[in-house]
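Enquirer: This is what each chain is made of:
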Amino acid sequence: MSASTYTSVLGLAAAAVLLCAVVTLWRRSLGAIVRTLAVQGAALACVATVIGLHEHDVGLIVVGLLVLGAKALVVPLLIGRVVRRDPNSRETDPLVNVPASLVAAGALTFLAFAATRSVASLVPTTAGRLIPIGLAAMLMGFFALVTRRKAVSQIVGILLVDNGVALVAFLATAGVPLLVELGASLDVLLAVIVLRVLAIQLSARLGSFDLDQLTELHD
Amino acid sequence: MVIAVLLLPLAGGLVSGVVPWRRGISWLGTAAAFGVFVTGVVLGVDIVPGKPMTALGGVLRADALSAFMVIVIGVIATLATWQSVRYLDAEMAAGRCTRRHAALYSVLVQAFVMTMLLAVLAANLGVLWVAIEATTVVTTFLVGHRQTRSSLEASWKYIIICSVGIALAFLGTVLVYLASLHVGHGPHPLDWTSLVAQSHQLNPGVIRLAFALIVLGYGTKVGLVPMHSWLPDAHSQAPAPVSALMSGVLLTVAFYAILRFKVIADGALGPTFPRTLLVIVGLLSLLVAASLLLTQRDYKRMLAYHSVEHMGLIALGAAAGSPLAIAAVLLHILGHGLAKGVLFLASGEILLTEGTSEIERVPALLSRRPVLGGIFGFGLFALLGFPPFSLFVSELNMLRAEFQVGLGWAAAVSLACMAVIFAAVMSHGRHLLLGPRGTDAPAMTPALVAVPLIGGLVGCAFIGVSAWPLESLLHAAAHIVAP
Numbered sequence: 001m002s003a004s005t006y007t008s009v010l011g012l013a014a015a016a017v018l019l020c021a022v023v024t025l026w027r028r029s030l031g032a033i034v035r036t037l038a039v040q041g042a043a044l045a046c047v048a049t050v051i052g053l054h055e056h057d058v059g060l061i062v063v064g065l066l067v068l069g070a071k072a073l074v075v076p077l078l079i080g081r082v083v084r085r086d087p088n089s090r091e092t093d094p095l096v097n098v099p100a101s102l103v104a105a106g107a108l109t110f111l112a113f114a115a116t117r118s119v120a121s122l123v124p125t126t127a128g129r130l131i132p133i134g135l136a137a138m139l140m141g142f143f144a145l146v147t148r149r150k151a152v153s154q155i156v157g158i159l160l161v162d163n164g165v166a167l168v169a170f171l172a173t174a175g176v177p178l179l180v181e182l183g184a185s186l187d188v189l190l191a192v193i194v195l196r197v198l199a200i201q202l203s204a205r206l207g208s209f210d211l212d213q214l215t216e217l218h219d
Numbered sequence: 001m002v003i004a005v006l007l008l009p010l011a012g013g014l015v016s017g018v019v020p021w022r023r024g025i026s027w028l029g030t031a032a033a034f035g036v037f038v039t040g041v042v043l044g045v046d047i048v049p050g051k052p053m054t055a056l057g058g059v060l061r062a063d064a065l066s067a068f069m070v071i072v073i074g075v076i077a078t079l080a081t082w083q084s085v086r087y088l089d090a091e092m093a094a095g096r097c098t099r100r101h102a103a104l105y106s107v108l109v110q111a112f113v114m115t116m117l118l119a120v121l122a123a124n125l126g127v128l129w130v131a132i133e134a135t136t137v138v139t140t141f142l143v144g145h146r147q148t149r150s151s152l153e154a155s156w157k158y159i160i161i162c163s164v165g166i167a168l169a170f171l172g173t174v175l176v177y178l179a180s181l182h183v184g185h186g187p188h189p190l191d192w193t194s195l196v197a198q199s200h201q202l203n204p205g206v207i208r209l210a211f212a213l214i215v216l217g218y219g220t221k222v223g224l225v226p227m228h229s230w231l232p233d234a235h236s237q238a239p240a241p242v243s244a245l246m247s248g249v250l251l252t253v254a255f256y257a258i259l260r261f262k263v264i265a266d267g268a269l270g271p272t273f274p275r276t277l278l279v280i281v282g283l284l285s286l287l288v289a290a291s292l293l294l295t296q297r298d299y300k301r302m303l304a305y306h307s308v309e310h311m312g313l314i315a316l317g318a319a320a321g322s323p324l325a326i327a328a329v330l331l332h333i334l335g336h337g338l339a340k341g342v343l344f345l346a347s348g349e350i351l352l353t354e355g356t357s358e359i360e361r362v363p364a365l366l367s368r369r370p371v372l373g374g375i376f377g378f379g380l381f382a383l384l385g386f387p388p389f390s391l392f393v394s395e396l397n398m399l400r401a402e403f404q405v406g407l408g409w410a411a412a413v414s415l416a417c418m419a420v421i422f423a424a425v426m427s428h429g430r431h432l433l434l435g436p437r438g439t440d441a442p443a444m445t446p447a448l449v450a451v452p453l454i455g456g457l458v459g460c461a462f463i464g465v466s467a468w469p470l471e472s473l474l475h476a477a478a479h480i481v482a483p
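These protein sequence lines map, in sequence, to chains A and B.
The opening residue of the first sequence carries number 1 in the working numbering; numbering runs sequentially from there.
The opening residue of the second sequence carries number 1 in the working numbering; numbering runs sequentially from there.
Quick caveat, the hints were computed from the structure, so don't treat them as lab data.
Hints are not guaranteed to be accurate.
Unchecked claim - Where chain A lies over chain B, by a calculated footprint (3+ residues, C-beta under 8 Å):
{"id": "1", "segment": "123-129"}
{"id": "2", "segment": "227-241"}
{"id": "3", "segment": "292-305"}
{"id": "4", "segment": "346-359"}
Ideal placement from N, C-alpha and C gives every residue a C-beta, glycine not left out.
Excised from the complex, chain A in its bound form (with noise of 0.2 Å):
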């Protein structure tokens, strides 16, 4: 592909992955937020192929696969019943109004692309300019990690900053070894596993999936 193509695909790509970062944010129905994460992940695995094509590296167009199936299909699938065992699938009161939350996500990006600089400097290729982007996105997993009160808004806060921190290593160094990128795959893949199941178990005992309601444990 031609550089100007590589340049503006790539830039798309990770302009999506921030995209949807902030919509999560905005949204309100959980159903919406889940399959604004699977549309996350799919970009992801955009940014991983297109550097794979661009670089001729097989091992990452084989990793930007793996995402796409972990991350825009079974992901989304698994939290995805989760909410659809929940009557009030609604963020409905979080801890920060949604106005608030989208000023928020502005602030953290300015935040992310002061914080890359020295980053930045070492890498100075199109992708290279493109990694706060990546650090933006994490730090909205963050904040909803912070400031959302439903199990599965946690979870996706934590698939947010994940995202993040996948999207910053692929526009910096092309990715990690297949050995760590196939092992850190699977370990997120098991952990949304886990807190699916935990999500379930709690329910079960609270009558609901609000974690307000986790108050047993304090000093």
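Following the hints, position chain B against chain A.
Expert: Same frame as chain A, but now just chain B:
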């Protein structure tokens, strides 16, 4: 040999999973854990005079530091799996646990031990990360094994907070990889040995950011402030043998990861930045532990906060960074593991017989259950750093090393925190142990429980009096971290 270490718990786990569960299976886990200890000793004896061993095409690598950690894991796992027999007996007898649950527990404990072993034997920093992340996944179900509301709450907090931490550590690992690729490299850019060899060429700006992320990220699993909030919940809610493993070894396995990265950061940045960072998290941990220990009403949470204190001490010791300091840190890792393991196992027995984990409601343990009370009392003495237990030696040497490198002020602050903690724990311990007996005859503690716990305490005192079995290994391991 290196592979054999990993195969033992793998075999133990497979058998517990495949064969229909019966009581004898629990003993198999103990045998596997003891086997790990023995192979750790053999590894240590082989490596000290010779060179590090590698296996599986360079994916696994054992040097003196790895061998030492294998020994620590083997010892604590032997005690914990021994006590697991008792835990499963009691849960089955009370009808809280089916055979399937017991089998799941046995498999997960072996998987837990195996992932920790993989972490300390990994040659590659990426594989190290994968192994430590896997410990989180495996232990979450173990924390929630009792399926009560509070234990599920604890496991939820545990996996969420630790996943965040471990994601930060991954970002740190990626940045180290980036710096390594930039230098131009051998065939394995994440290989620890080659990273150390070229550490002075790595980009300092990137390594600074990476090391901060590593300390924060793996620090979450170590239980260092500010990411410690999962620890008291998880350690107090998990079954006692799991608490013993988590508190006794998992925390320090995560700290082992920080030590490995510290060698690289020292090479790239000089000692100042890593030292400052470790002093900050170490002192914060000590201050938080001291203030929260004063008000504890639950003896398992008391032990958990005590772990935060000891991890703070270890971070300060590592900050000093001289060979003396690192040898003391490693000895402290073993001594703390033994003492804390014994105390958590004893607290499991207290919870089982007394039915509550509140200090107020368990008075006069020493006269009512002399053996168990005695074990708990001596365990507290060990943990507070009384001689002859090894924590006395290691704390003294860490403080000495801190004064030598000009961290005297930090050592003084840590001494003040230790004094507060000493007073708090003594007062809680007095409440728990002393007091009039009442009318009941003293109750006996089964030998199944008492033998491993007394063994653990005797071992902790033995290495405090005479360091000869470990001396050369500690020396070699300390020189890996502080060349």
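Enquirer: Determine for every hint whether it applies to the structure shown.
Expert: Outcome of the hint check:
no., hint, result
1, 123-129, "holds (count 4)"
2, 227-241, "holds (count 4)"
3, 292-305, "holds (count 4)"
4, 346-359, "violated (count 0)"
In summary, the structure is inconsistent with hint 4 from the numbered list given earlier, while agreeing with all the others.
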